[in-house]
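Participant: Could you put the whole structure together from the sequences, leaning on the hints where they help?
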Amino acid sequence: MTKHSKNNTASSVFSYAEKQKTDYGTRRQRLGNESMRNFDACALCLQRARDPIACDHGHLFCKECAYSDLLNQKKDIKKQKVRLEQLKKEAEEEKQRVLEAARDRVLRDFEKGQLGLSANLPAIASTSGAEATKEGRPGKRKLDFDSSTVETLAREAEEAALRLIEREQAEALAAQTT
Numbered sequence: 001m002t003k004h005s006k007n008n009t010a011s012s013v014f015s016y017a018e019k020q021k022t023d024y025g026t027r028r029q030r031l032g033n034e035s036m037r038n039f040d041a042c043a044l045c046l047q048r049a050r051d052p053i054a055c056d057h058g059h060l061f062c063k064e065c066a067y068s069d070l071l072n073q074k075k076d077i078k079k080q081k082v083r084l085e086q087l088k089k090e091a092e093e094e095k096q097r098v099l100e101a102a103r104d105r106v107l108r109d110f111e112k113g114q115l116g117l118s119a120n121l122p123a124i125a126s127t128s129g130a131e132a133t134k135e136g137r138p139g140k141r142k143l144d145f146d147s148s149t150v151e152t153l154a155r156e157a158e159e160a161a162l163r164l165i166e167r168e169q170a171e172a173l174a175a176q177t178t
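Once you know that position 145 of the sequence shown is 145 in our numbering, the rest is easy, because the numbers rise by one and skip nothing.
For the record, the hints were derived by calculation from the structure and aren't laboratory data.
Take the hints with a grain of salt, since some may be wrong.
Derived CB-CB ranges, DEER-like [as the list claims (entries may be wrong)]: (1) 47 x 174: 24 to 30 Å; (2) 22 x 159: 20 to 26 Å; (3) 82 x 112: 54 to 60 Å; (4) 22 x 47: 37 to 43 Å; (5) 73 x 154: 55 to 61 Å; (6) 96 x 58: 51 to 57 Å; (7) 156 x 176: 50 to 56 Å; (8) 112 x 88: 45 to 51 Å; (9) 159 x 59: 53 to 59 Å; (10) 164 x 83: 54 to 60 Å.
Calculated pairs, SDA-like style, for lysine to any residue (alpha carbon to alpha carbon, straight line, at most 20 Å) [claimed, not checked]: (11) 75 x 95; (12) 78 x 94; (13) 63 x 40; (14) 63 x 74; (15) 74 x 86; (16) 112 x 156; (17) 95 x 44; (18) 81 x 71; (19) 95 x 165; (20) 95 x 40; (21) 79 x 63; (22) 88 x 77; (23) 112 x 153.
Note that beta-carbon positions come from the ideal geometry of N, C-alpha and C, so glycine has one too.
Facilitator: Take a look at the structure:
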């Protein structure tokens, strides 16, 4: 054998010694009598089945244990459904609060823009018509708005405000953790 054949570590299979060192595989352990369920024992109460019934898979239950377990499961399902409805309602209320905050932000930004307090707000309306008349002085500007344009602009403004609010909340959370 060559020198390097004993250092073969590229094998995809463990040797017996390697398996022993890494505890690879299953461990065998002797099970006592108390770890086994009697053949005629109920799978729920582990006592001898009284008025036994069996499921399609062959599991044996006491009739009373099976009914009480089913009733408990039904109660748990009802509680979970009520909790799910509460969570859905809370999520919807939170969504409405966030949307209302975004609408308030849009309204506040609009009012600032009307007062000339904010110069960085984007221009929303497009103008049409003559910008200047033949005499060289500016003419009347007309704004072309229809209902779909107004709805689209309002939705875009609300979405922008929502993104801004989310970014501010994320920054505040990041500032708290640092």
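Participant: Which constraints among the numbered hints does this structure fail? Numbers only, ascending.
Facilitator: 1, 2, 3, 5, 7, 8, 10, 11, 12, 17, 20, 21
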